[in-house]
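Chemist: Here are the chains, one letter per residue:
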Amino acid sequence: QLQLQESGPGLVKPSETLSLTCTVSGGSIYSSSYYWGWIRQPPGKGLEWIGSIYYSGSTYYNPSLKSRVTISIDTSKNQFSLKLSSVTAADTAVYYCARVPVGMDAFDIWGQGTMVTVSS
Amino acid sequence: QSVLTQPPSVSGAPGQKVTISCTGSSSNIGAGYHVHWYQQLPGTAPKLLIYGNSNRPSGVPDRFSGSKSGTSASLAITGLQAEDEADYYCQSYDISLRGSVFGGGTKLTVL
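Chains as they are written, first to last, in the working numbering: chain A, 12 to 131; chain B, -19 to 91.
The following block holds chain B by itself, in its conformation from the complex (with noise of 0.2 Å):
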């Protein structure tokens, strides 16, 4: 399984909101490392969507915010599009394994 841990699914309809978790521990985002959110559309590569936690690349809407507290982040999507539907993906670094580590990935469907 993933060192980082998202719920398998999630959704909500067109206009509500929706958050997805990342659940890590003090290895990785418990000891201060930045978590990063991924969006992978069907059949495309991910695109990076939230880094450091909290900041946007340019071009991303702000209808997605990221947050974290303790050895947990978040991802949070308000007015939900049809266009958002995909799968989204947390990562962060970790110390005992001396590299980057991704979550299992978030199924997003818009009802």
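Looking at chain A on its own, in the form it has when it is part of the complex (with noise of 0.2 Å):
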């Protein structure tokens, strides 16, 4: 069945830049099915959105982040990434990365997530 796995430092230094991969398995991520996305939690808190990608490259992002994220696609590693510039602690949280069916608009399979803390 299909997985995603996040991968990327546990650790990022202030005013740097998170980066941050996920791995899909068991499937092809060049599908014009499905959207991948980028959802983070920051410790004690809720969900929020991030950004999403198409297989063909097009990105939709959440404008309080647009300015800093830049959500990018592999195909041929079957793997799509993120990246969060200028972060702030106010980034620390455990990212997720998920599927997005198309006109479902619901994230129907998870990665089990990453801690990312952003300190120096």
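Just so you know, these hints were derived from the structure itself, not from any lab. Be a bit skeptical, because a hint or two may be false.
Each computed DSSO-like pair below joins lysine-lysine, with the alpha-carbon atoms no more than 30 Å apart [said to hold, decoys possible]:
hint, chain 1, residue 1, chain 2, residue 2
1, A, Lys56, B, Lys87
2, B, Lys(-3), B, Lys27
3, A, Lys77, B, Lys(-3)
Beyond 12 Å from chain B on every Cβ pair, some chain A residues (computed) [to be verified]:
hint, residue
4, Lys24
5, Glu27
6, Thr32
7, Ile50
8, Gln52
9, Asn73
10, Ser75
11, Ser87
12, Lys88
13, Ser97
14, Thr99
15, Ala100
16, Ala109
17, Ile120
18, Gln123
19, Ser131
Every value quoted in this text rests on a predicted model; they were computed, and no experiment measured them. Just so it is clear, CB atoms sit at the ideal spot from N, CA and C, and this is done for glycine as well.
Since each chain comes alone in its own frame, lean on the hints to assemble the complex.
Modeler: Here it is as structure tokens:
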């Protein structure tokens, strides 16, 4: 069955760029049937949508993060990635990647999440 | 605060029914966009519980049901069990923000 796995540094310094990759296994990321998204959850708080990408490379970002976010897709590696620049302690969170079936708009399959701490 | 409003907590005894509300506005739920619900057990990733207002993914017990009316939606859990103790989140699309929005989450305690 389809699985998603986040990977990347668990510690990032303030003002630097957070970079995470989501590897998709058990299915192809190159599909017109799905979007692929990033969601984060600060410790003890709720979920926040960061952005999503389509297999064609079209991207959609949360307006509150848009100036700092870049999501890209590498269909040859079956991966998509997140870059968040100029991070602060407020960006400390568990970061999840997830799949969104076209027309459904719900995140139906999630990765296990990866904790990223912003600290010097 | 979150675009979608949920009560911070609800509780119920085993076997009882609880309902969790999710209130939005004319730019999201009221605009006709679907509402989805997620269950997050402690220390785990969220799991899709209800999609498209009232549809259950395969494997989700029929004790869980969803509904939508106007600018609000609700998740009902009947026959409450200890394993239902978790955080529950609603999610929809917001046309003004042009993206997905979540509720602040509701912690369900089974007494």
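Chemist: Hints first: check each against the structure and report whether it holds.
Modeler: Now the hints, each set against the structure:
| no. | hint | verdict |
| --- | --- | --- |
| 1 | A:Lys56 <-> B:Lys87 | 11 Å, holds |
| 2 | B:Lys(-3) <-> B:Lys27 | 21 Å, holds |
| 3 | A:Lys77 <-> B:Lys(-3) | 41 Å, violated |
| 4 | Lys24 | 26 Å, holds |
| 5 | Glu27 | 25 Å, holds |
| 6 | Thr32 | 17 Å, holds |
| 7 | Ile50 | 8 Å, violated |
| 8 | Gln52 | 8 Å, violated |
| 9 | Asn73 | 6 Å, violated |
| 10 | Ser75 | 8 Å, violated |
| 11 | Ser87 | 26 Å, holds |
| 12 | Lys88 | 22 Å, holds |
| 13 | Ser97 | 21 Å, holds |
| 14 | Thr99 | 20 Å, holds |
| 15 | Ala100 | 20 Å, holds |
| 16 | Ala109 | 8 Å, violated |
| 17 | Ile120 | 8 Å, violated |
| 18 | Gln123 | 6 Å, violated |
| 19 | Ser131 | 27 Å, holds |
Consistency with the previously given hints fails for numbers 3, 7, 8, 9, 10, 16, 17, 18, ordered from lowest to highest.
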